[in-house]
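**Q** Work out the full structure, taking the sequences as your base and the hints as a guide.
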Amino acid sequence: MQYKIDTRPLPIVILARWWRFPVFMLLGYGLYYCFGQKPPEGLSLEGYRALIVFLTCLVLWVTRLLPLAVTGLFAMVAPPLLGVLPAKEAFAFFGSEPVFFIMGVFILATALLKSGLSARLALHLLKSGSKSPKRLVLHIMLTSALLSFVMSEHAVAAMMFPLVVIISRRLNLTPQGGSYGRILFLAMAWGCVIGGIATMLGGARVALAVGLLHDAGGGTITFAEWTRAMLPIVLVLFGFCYFLLTRFFSIDIQTVAEADTAIEEQIRDLGRPLMEEKFLGLLMIGAIASWVFFGLQLGMASISILAVVLLFMFRVVEWKDLQEKMEWGVILMYGGAIAISSILNSTGAGIWFTKRFVLPHLDSPWMLMLALSFLSILLAEAMSPSAVVAIVVPIGMSVAKQFGLDPKVVVYAVASASGLAYALPMSTPPVALAYSSGYLRMKEVLLPASLMALVSWLTLLMTAKFWWPLLGIHVGR
Amino acid sequence: MTNIALLKLQLLYSGILAGQNLPSPLTNPFGLVHLVLPEGLTVSVHRNENGTDSPFTLRKDGTQFLLDIAGGESVPVQWTPPLQSYQQKTSSGVLVADILTVHGDFIAVHPTHACRFGQSGLSCRYCGSSRDVSQHPPFTPRDLVEAIQIVEQEKQCDVVSLSSGRVDTADGGVERLEKWVTEIRKHLNVLIALDLVPPETNDWIDKTYAMGVDALYYDSDFFNPDDEPRKDFEKHKARQLEALAYASRIFPTGAVLSHLVIGLEPLAETRASIDLLIDRGVVPVLAYFPPYDGSSLRSRWTATPEEARAIYAHLYERLVRTRINPHWVQQYDVVLTALEGRFFSNESPRYHLKLKNFYETSFGRALRFSLARLRRHLRVVPA
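Line by line, the protein sequences are chains A and B.
Numbering of the first sequence is given in the numbering used here, commencing with residue -6 and proceeding in unit increments.
Numbering of the second sequence is given in the numbering used here, commencing with residue 497 and proceeding in unit increments.
FYI, nobody ran anything at the bench for these hints, they're computed from the structure.
Some clues are possibly wrong.
Stated by the list, open to error - Below are the SDA-like pairs computed for lysine to any residue, each with C-alpha atoms no more than 20 Å apart in a straight line:
hint	chain 1	residue 1	chain 2	residue 2
1	A	Lys(-3)	B	Ala862
2	A	Lys394	B	Ala862
3	A	Lys120	A	Ala250
4	A	Lys(-3)	B	Val677
5	B	Lys850	B	Ala862
6	A	Lys(-3)	B	Glu674
7	A	Lys(-3)	B	Thr678
Model, not experiment: these values are computed from the prediction.
**A** Here it is as structure tokens:
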């Protein structure tokens, strides 16, 4: 294990390492103080306490004082401890369908990575891209985006990252050198981000938002409905991203023929496809088809768990692979987020909060749409997309109810916007990985990333205005 | 009135003669007599067997031990009996005396290799490599922990010092000692010091601190070069000084030490070397004892105790002015420590003595240990 010794003055080290403790103490005192107060007018005692728990979770999710998953657990245990509802009911939220859907999707993504099928797909998609520098950029973007249609974007980025590193080295690109290396890593990261909103598989935030919608009694959104709603956004952003990368940064390389050799070598190393890979490919096609055509009848979670059962029946993965590679913590976070959101809804705290603090500032459904999508894009730069969904969707749905607006609109707006973070390393794993390459400097990325964010917001609004009504989703009716 | 620190130096220089009514055995297994001089100065002094060279004679008068100085006064001293623990064995059958040497509250261990004195066949009473390590029965880290636990039942010890011996590897001997440090850390609440050669790169210093070492004794051989100095001497010296300076930024203040042997070079050069080390945040440990008769260094030995006192005064005053903590070498009974240099100086030692007394209380000791652990917990970050 490698170590680093922090040689800053000890008071600064203490502050940097232990700043959480005074903040926890303050938070604890704040909670204690609030519990000693009477509920505001129009809010029940249970609603008041649920709101306090929600605001505490909000602080914890935003500041990351605790890991997201631990805050999720807190959100589940706090309501029964404070007498908001019985423990049995609070823990039952963990059994929501979206939680199991997310679990199934993560297991399938782990199997794709472990079997090598995703790497094989990526290499074959990249193979024909080494004819010209621009074409290589396009193929890296396309490969990242297409794979993010069927796997979570962080898994795609983790898989694509070493490939892009190999290509960069073969092309003798250095972090200090020209800008082509920067373009390649941004193509990978932003390709993942854009592809990640296309389906419900690109990031678990969509499933979480749909779960919140379902538990609030707002119905559900199917796999096909989501993809249809997002398709124009993905196409426009993909085109704009390619345009921006190839115009904003100069392409300072003449040929990328060496990349072709590197990709060929990687493909040769993989050898012939294994039986497990072929089976997994068929299984994924079957699962996606089932989500599209039978998602509503059979249930999204049932299909994903059935696919997982088949994986184990044919021994494509072992349980220990999942224990090592799965992000189990995310599942805990979702359980907690769904619990607290449902409790806000059932105690009336959500409605009270929005009437008191949000509605006075919003005078139309379109204002709501503008505010939610803008807020989500902004927050996603500093928070995990799932945390953004967990915070913004419950409030957004409460406001939507006041306007008589279909809460699905809130889900579409927030779940897509919260995935569109381009600038900061703490936003999404693909962007963080791209920064870790050493090729990106924040001051050079900020302007194009801000342009991407602006165009994303405008595209989302335009899609909501002109495309969604054709699918029966109305913002302003 | 005899200057106690000067007396200690003279004892280290001359040894003692055995007088009347002394108990038996008088010395520890390594031939050293443990005495506590007035003002609490501890000294391990060799017994001069031929009976002619030393002006000091130890005798017992009733219950009182007295050190007679030829042609002068008698100084009352305390005699510390040799530890019974040395004769005990670990569960695997290794004699404690074959594993470690106790100097005051300081345990010296050579787990694998002897120091350069040991390697040359000489016995080093300074660092604990008192016999040829290669002749010792092999022992394991578990044996070492047991041996320390046996000693601690008889006597409280604060610091365990492990020496890598003389090595010529890039790590300076750290890797060789890692498993020993890990085992001690796992089972015992003591401070750990390592006696090493400065490594070739600074990441070894980071690793040394991170693995649980509290203090470093660097054997900077450029101060006391062998008869045939190496060809890249200047480059070697620059690197060793760089390593010392870096280590003093990583370890607590005063916890990086380097040996200087008084008498092998003109005292003005020793004085300059003290300044060179202190300017880099390193505490010099001045070893004062004449080389053995068989040593090639014997002919270069020049300094008398009276000549050395100015050097000790300079060391103490420089440390006080630079606010470097001198307590990492306290109660070292085979050298005159930096703090003991106060007996040759006019600078007020009040603060350092109070701190020393505080560290000797059980609360002070616990606090010192806890602070050392806390500092490591705060400073070490996995890369």
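**Q** Are the hints correct? Go through all of them and say.
**A** Hint by hint, here is what the structure shows:
1. A:Lys(-3) with B:Ala862: Distance of about 27 Å is beyond 20 Å: violated.
2. A:Lys394 with B:Ala862: Since the Cα atoms of Lys394 (chain A) and Ala862 (chain B) sit roughly 63 Å apart, the hinted pair is violated (cutoff 20 Å).
3. A:Lys120 with A:Ala250: holds (11 Å)
4. A:Lys(-3) with B:Val677: Holds, at roughly 19 Å.
5. B:Lys850 with B:Ala862: holds (16 Å)
6. A:Lys(-3) with B:Glu674: Cα-Cα ~17 Å, so holds.
7. A:Lys(-3) with B:Thr678: holds (19 Å)
In this structure, the earlier hints numbered 1, 2 are contradicted, and the remaining ones agree with it.
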